[in-house]
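Heads up: the protein sequence lines correspond to chains A and B, in order.
Numbering of the first sequence is given in the numbering used here, commencing with residue 1 and proceeding in unit increments.
Numbering of the second sequence is given in the numbering used here, commencing with residue 1001 and proceeding in unit increments.
I should point out that these hints are in silico values taken from the structure, not numbers from a laboratory.
Beta carbons: idealized from backbone N, C-alpha and C, even for Gly.
There could be a bad hint or two in this list.
What the hints assert, rightly or not - Far from chain A, by Cβ distances over 12 Å, these chain B residues were calculated:
(1) E1066
(2) L1137
(3) E1138
(4) A1141
(5) S1145
(6) R1156
(7) T1166
(8) G1167
Stated by the list, open to error - Far from chain A by the CB rule (all over 12 Å, computed), these chain B residues:
(9) D1013
(10) D1014
(11) P1068
(12) R1111
(13) Q1136
(14) S1140
As the list claims (entries may be wrong) - Distance ranges between label pairs, derived from CB positions:
(15) Y28(A) x D1106(B): 33 to 39 Å
(16) A25(A) x D1127(B): 26 to 32 Å
(17) R34(A) x D1018(B): 46 to 52 Å
(18) Q1102(B) x R16(A): 26 to 32 Å
(19) R16(A) x Q1017(B): 30 to 36 Å
(20) D1013(B) x Y28(A): 26 to 32 Å
(21) R1079(B) x R56(A): 37 to 43 Å
(22) D60(A) x Q1091(B): 33 to 39 Å
(23) D1018(B) x L32(A): 49 to 55 Å
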Amino acid sequence: MHCRKATRLLSEAMDRPLSLGERAALYYHLGLCRHCRQFSRQVQFMREATRRLRQRLDQDTDESH
Amino acid sequence: MALLQLHDEARADDVVQDVMAAALTASHDGHSSLRTWLGGILKHKIVDLIRRESRFVTLAADDNDEIPENAWDDLFDDRGHWSQGPLSWRQPDEALTDRQFQQIFDLCCERLPRRHAQLFMMREVMDMAIDDICKQLEVSATNCSVILYRARMSLRLCLEQNWFATGGSR
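Based on the sequences and whatever the hints tell you, model everything.
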């Protein structure tokens, strides 16, 4: 597996459960590739940041009531 | 839920119609209309109503609505390996609560092409299942995951260039 494919799978893993084969190939790659491990952390971070965005929007609308 | 909050199904219907109309009318300035649209949905707490009944408008495409497939060719070499690996993002937890970071994050989201932003927001902010999103927007499952991938790649690069690469300070 190359990194481009790994980034695609890491994105898909945020939306659906990966198959056993996909997971095995991905984890093998992640074990070898620190760049992709970094990318994986960043994708998780963006999920957390969008959660915060939702909280902020909720706060905005609560205050405007 | 909108139904509980509004006590009246007909009234909830009206609100849904209004939010959809807002999404469609504020047309030229696509990005701020997306924000209006999302704000309206959250404000009226109609996320559940939308999830339950498949009512959704697909925001119309505009001229800049595609992220080209070769947008990240510089990041990868010919064999698909990183040529410019992701930076180490320092102090991510601090960034989450930093107002300046939040502004950058919002700007980066707003910079996404409209349909990418809509799909990304439905998935990440409204926490909808990908199958429901594809069905409601009438996008194939493959296209859905391609669009989400491109949205994430764009957002990641935007955050890296505009926040983390600058040391997180303006």
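Verification of the hints:
No beta-carbon of chain A is positioned within 12 Å of the beta-carbon of E1066(B); the least distance is around 18 Å. With a cut of 12 Å on Cβ distances, L1137(B) stays outside the contact zone with chain A, its closest approach being about 14 Å. With a minimum CB-CB distance of about 18 Å to chain A, E1138(B) clears the 12 Å threshold, and the non-interface call stands. Here A1141(B) does not stay apart from chain A, with its beta-carbon only about 9 Å from theirs, under the 12 Å limit.
The Cβ of S1145(B) does not lie farther than 12 Å from every Cβ of chain A; its closest approach is about 5 Å, which violates its non-interface assignment. The Cβ of R1156(B) sits about 5 Å from the closest Cβ of chain A, inside the 12 Å cut-off, so the non-interface label is violated. Distance check on T1166(B): its Cβ is at least 16 Å (rounded) from any Cβ of chain A, clearing the 12 Å threshold; non-interface status holds. Once the 12 Å rule is applied to beta carbons, G1167(B) is consistent with being away from chain A; the minimum gap is 17 Å.
For D1013(B), the non-interface assignment is confirmed: its Cβ lies about 20 Å from the closest Cβ of chain A, beyond the 12 Å cut-off. Residue-level check passed: D1014(B) sits 18 Å from the nearest beta carbon of chain A, beyond 12 Å. Chain A leaves P1068(B) outside its interface by the beta-carbon criterion, the shortest separation being 15 Å against a cut-off of 12 Å. The non-interface label for R1111(B) is consistent with chain A: the shortest C-beta to C-beta separation is roughly 14 Å, beyond 12 Å.
Against the 12 Å criterion, Q1136(B) stays outside the reach of chain A, whose nearest CB is about 15 Å from its own CB. With a closest Cβ-Cβ approach of about 14 Å to chain A, S1140(B) is found to remain outside the 12 Å limit, as its non-interface label requires. Our hint of 33 to 39 Å for Y28(A) and D1106(B) holds, since their Cβ atoms are close to 37 Å apart. Separated by about 28 Å at the C-beta atoms, A25(A) and D1127(B) satisfy the suggested range of 26 to 32 Å.
R34(A) and D1018(B) have their C-beta atoms about 49 Å apart, which keeps the hinted 46 to 52 Å range intact. The hint said 26 to 32 Å for the Cβ distance between Q1102(B) and R16(A), and at roughly 29 Å that hint holds. At about 32 Å, the beta-carbon gap between R16(A) and Q1017(B) stays in the expected band of 30 to 36 Å. With their beta carbons about 51 Å apart, D1013(B) and Y28(A) fall outside the hinted range of 26 to 32 Å.
Between R1079(B) and R56(A) the CB atoms are about 41 Å apart, so this pair conforms to the stated range of 37 to 43 Å. A beta carbon spacing of about 26 Å between D60(A) and Q1091(B) contradicts the range 33 to 39 Å that was offered as a hint. Separation of D1018(B) from L32(A) is about 52 Å and conforms to the stated range, judged on CB atoms against 49 to 55 Å.
Hint check: violations occur at hints 4, 5, 6, 20, 22; the rest are consistent with the structure.
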